[in-house]
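Student: On the provided structure of chain S, position chain A as indicated by the hints.
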Amino acid sequence: MTEDWTDIIGEELEGVEESLPADDWNVLQQKYAASRKKRAAHVYAWSAGLAGIAASVALLLFLFRPDAPVVDRSLIADELPPVEELMPAGEPVTADTVTTDDFADGSAAPAVRSDVPEETAPSVGGGQQAPIHVDADDVSDDVLIAENVTEVETGDVSDADDEVVDIVKDTVPVTETLLAFEDLPEERPVRRRRPMSVGLSGSVSDAPIFSAMDEMSPPMGDSSPPDYTGPSDSSLVEQPKQSSAMMRRSGDYNESYTHELPVSVGVSFRLFLSDRFTLNTGLNYTRYVSARCRTYYSGGYEEDRQYVHYLGIPLRLDWMMVNKKYFNMYLGAGMQMDKCVYAKVGDERLRESAILFAVNAATGLQVNPVPKVGIYLEPEVSYALNDGTIQTFRSEEPFVFTVRAGLRFTF
Amino acid sequence: MAEKINIEDIELAELCARGDETARKELYTKYAAYLYALCIRYVGDRDEARDLMHDSIIKIFDTIGKYRPTGSLKSWCSRITVNLVIDSMRKKKRFETVCLDQTNENIPEPQKDEILKIPKTELMRMVGELPHTKRVVFNLYCVEGYSHKDIAQMLDIKEKTSSSLLFKAREQLAENVRNYIRRNGL
Numbered sequence: 000m001t002e003d004w005t006d007i008i009g010e011e012l013e014g015v016e017e018s019l020p021a022d023d024w025n026v027l028q029q030k031y032a033a034s035r036k037k038r039a040a041h042v043y044a045w046s047a048g049l050a051g052i053a054a055s056v057a058l059l060l061f062l063f064r065p066d067a068p069v070v071d072r073s074l075i076a077d078e079l080p081p082v083e084e085l086m087p088a089g090e091p092v093t094a095d096t097v098t099t100d101d102f103a104d105g106s107a108a109p110a111v112r113s114d115v116p117e118e119t120a121p122s123v124g125g126g127q128q129a130p131i132h133v134d135a136d137d138v139s140d141d142v143l144i145a146e147n148v149t150e151v152e153t154g155d156v157s158d159a160d161d162e163v164v165d166i167v168k169d170t171v172p173v174t175e176t177l178l179a180f181e182d183l184p185e186e187r188p189v190r191r192r193r194p195m196s197v198g199l200s201g202s203v204s205d206a207p208i209f210s211a212m213d214e215m216s217p218p219m220g221d222s223s224p225p226d227y228t229g230p231s232d233s234s235l236v237e238q239p240k241q242s243s244a245m246m247r248r249s250g251d252y253n254e255s256y257t258h259e260l261p262v263s264v265g266v267s268f269r270l271f272l273s274d275r276f277t278l279n280t281g282l283n284y285t286r287y288v289s290a291r292c293r294t295y296y297s298g299g300y301e302e303d304r305q306y307v308h309y310l311g312i313p314l315r316l317d318w319m320m321v322n323k324k325y326f327n328m329y330l331g332a333g334m335q336m337d338k339c340v341y342a343k344v345g346d347e348r349l350r351e352s353a354i355l356f357a358v359n360a361a362t363g364l365q366v367n368p369v370p371k372v373g374i375y376l377e378p379e380v381s382y383a384l385n386d387g388t389i390q391t392f393r394s395e396e397p398f399v400f401t402v403r404a405g406l407r408f409t410f
Numbered sequence: 000m001a002e003k004i005n006i007e008d009i010e011l012a013e014l015c016a017r018g019d020e021t022a023r024k025e026l027y028t029k030y031a032a033y034l035y036a037l038c039i040r041y042v043g044d045r046d047e048a049r050d051l052m053h054d055s056i057i058k059i060f061d062t063i064g065k066y067r068p069t070g071s072l073k074s075w076c077s078r079i080t081v082n083l084v085i086d087s088m089r090k091k092k093r094f095e096t097v098c099l100d101q102t103n104e105n106i107p108e109p110q111k112d113e114i115l116k117i118p119k120t121e122l123m124r125m126v127g128e129l130p131h132t133k134r135v136v137f138n139l140y141c142v143e144g145y146s147h148k149d150i151a152q153m154l155d156i157k158e159k160t161s162s163s164l165l166f167k168a169r170e171q172l173a174e175n176v177r178n179y180i181r182r183n184g185l
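Each protein sequence line maps, in turn, to chains S and A.
Mapping of the first sequence onto numbering that gives the first Met the number 0: position 120 corresponds to residue 119, and the numbering continues sequentially without gaps.
Mapping of the second sequence onto numbering that gives the first Met the number 0: position 6 corresponds to residue 5, and the numbering continues sequentially without gaps.
Excised from the complex, chain S in its bound form:
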């Protein structure tokens, strides 16, 4: 088979080698180390994000399990007299004489004292402590009635019967102490509505750790050698949607981006999982604005504004470090999903199908000048786990510092 002339060129070029700078291996090693570090950071960030989600889900499942009545213990605790009044010193009630079984949730259980010597509760069998308690069948639902405590059930501890009864008589002024509980309100489970907050916020992001974005935007597109004098490809037909600017493209070019700081606004929802933990979600809109500059080797210059609009759903678990009436301080960690909803550069529409993920950690300060209304400030650091195809501030800099401020209404 006869070889084509292009095959000859192919064979000639196939084995060609180009000499490299002497320090190239060192440069490569540095890049390799940086790449491994970046990959490790990705793995840690993903792990942290997934762990955060898992912890949030586990917490939600735990808190919202079907058999978990929420009892407002404060209702009872507020009306109870102090324990000291119920149990004056010198008139002890022993742990062995009244059990707390009837105060199942423990909230209203009287304090018990174990100042009766251990030997007063004799052992049974192999040294097991004798279960001496007030028979639960003889008391009303939740409140102990002293009159019913006339008989002390001692199980099979026949040898100890007399001794135990003596102890009870000597140490427990039953009628005086336990009657106090008759005045307690009936303890019943009270469903408490979990408070929610709705917030409106605005934020601006930057990458202060690194140099300014204007300086770090690398040139993109073709960067042929300076002495490039190749023929301009007048046959190029650009994207389906052409603009006058795109028609001017007549060959290879240098492309660079200058990014403005991204600005976000959003609405947030905060659900109180407990006194200390809150789950935050919402909807954030972020706008990325950039200037794209193309310098053509044929001599042309083109600058276009690029607008990229993202909608994001954050999910964050916050822990209240300080939870006062007029002031809250919290720490949180979570993630955010972002989807590009609209993007264009010049008159050209851009498509971005990827869903972008980021993990974040934030601290927040909230001042509540009036009840149910708070003003908050949230510094946040976030790390972008993946990147789309459109060049934005985010794609240039995965680590971002954001300051968010807003209003939060609790109801």
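Because the hints were derived from the structure by calculation, they are not lab data.
To give a feel for the contact side, a few chain S residues facing chain A, derived at Cβ under 8 Å:
id, residue
1, T5
2, I7
3, E11
4, E13
5, V15
6, E16
7, L19
8, L27
9, K30
10, Y31
11, S34
12, T388
Coverage of chain A stretches by chain S, computed from C-beta distances (three or more under 8 Å per stretch; other residues unrestricted):
id, stretch
13, 55 to 69
14, 119 to 128
The calculated lysine to aspartate or glutamate pairs, modelled on DMTMM-like cross-linking and capped at a C-alpha distance of 25 Å, are:
id, chain 1, residue 1, chain 2, residue 2
15, S, K37, A, D19
16, S, K30, A, D61
17, A, K90, S, E351
18, A, K91, S, E259
19, A, K73, S, E17
20, A, K58, S, D23
21, A, K73, S, D22
22, A, K111, S, D6
23, A, K116, S, E13
24, A, K73, S, D6
25, A, K58, S, D22
26, A, K91, S, E302
27, A, K24, S, D23
28, S, K36, A, E13
29, A, K24, S, D22
30, A, K159, S, D3
31, A, K116, S, E17
32, A, K116, S, E11
33, A, K90, S, E396
34, A, K119, S, E11
35, A, K29, S, D23
36, A, K111, S, E16
37, A, K58, S, E16
38, S, K37, A, D50
39, A, K157, S, E351
40, A, K29, S, E10
For clarity, every value in this text was computed on a predicted model and none was experimentally measured.
C-beta: ideal position from N, C-alpha, C; glycine also.
Tutor: Positioned in the frame of chain S, the structure of chain A alone reads:
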């Protein structure tokens, strides 16, 4: 043509996969210059080609455990590099649609013996002067030996487009070769 599989390469790959730094440096010494030239052929610019070569070697280090000695290590490294270069160009939207209606049939094709007289560096330069898409198709077809079907899949274009692009690349290259021969009196 069956590829020569070097036992040394298999051992080298195994050592690299275990993270042996000396083996990695040996692999670099053996193939970096070749991969660098390959990248230059595709992107034209030396600095960008060097960055891409570094990226491809990093990828080779990371994935060398997947190398199976069904082909030579050199071909395996080339494939990784070519894929990486094409991905990079696709990301930067270098693949434009090319209008193929203009043809210049007046340029005679160069002869084989004429080609052999041209230094390789000049051939590299001429190929580098082709527009992006044509250059990539020419390299994939004529140097790497991919079929139009493979090229169509790799570049997400039609097979017919691939062959048309090659035709245009040949035309332009023929013109460049003719000009060089005329200038240098070969």
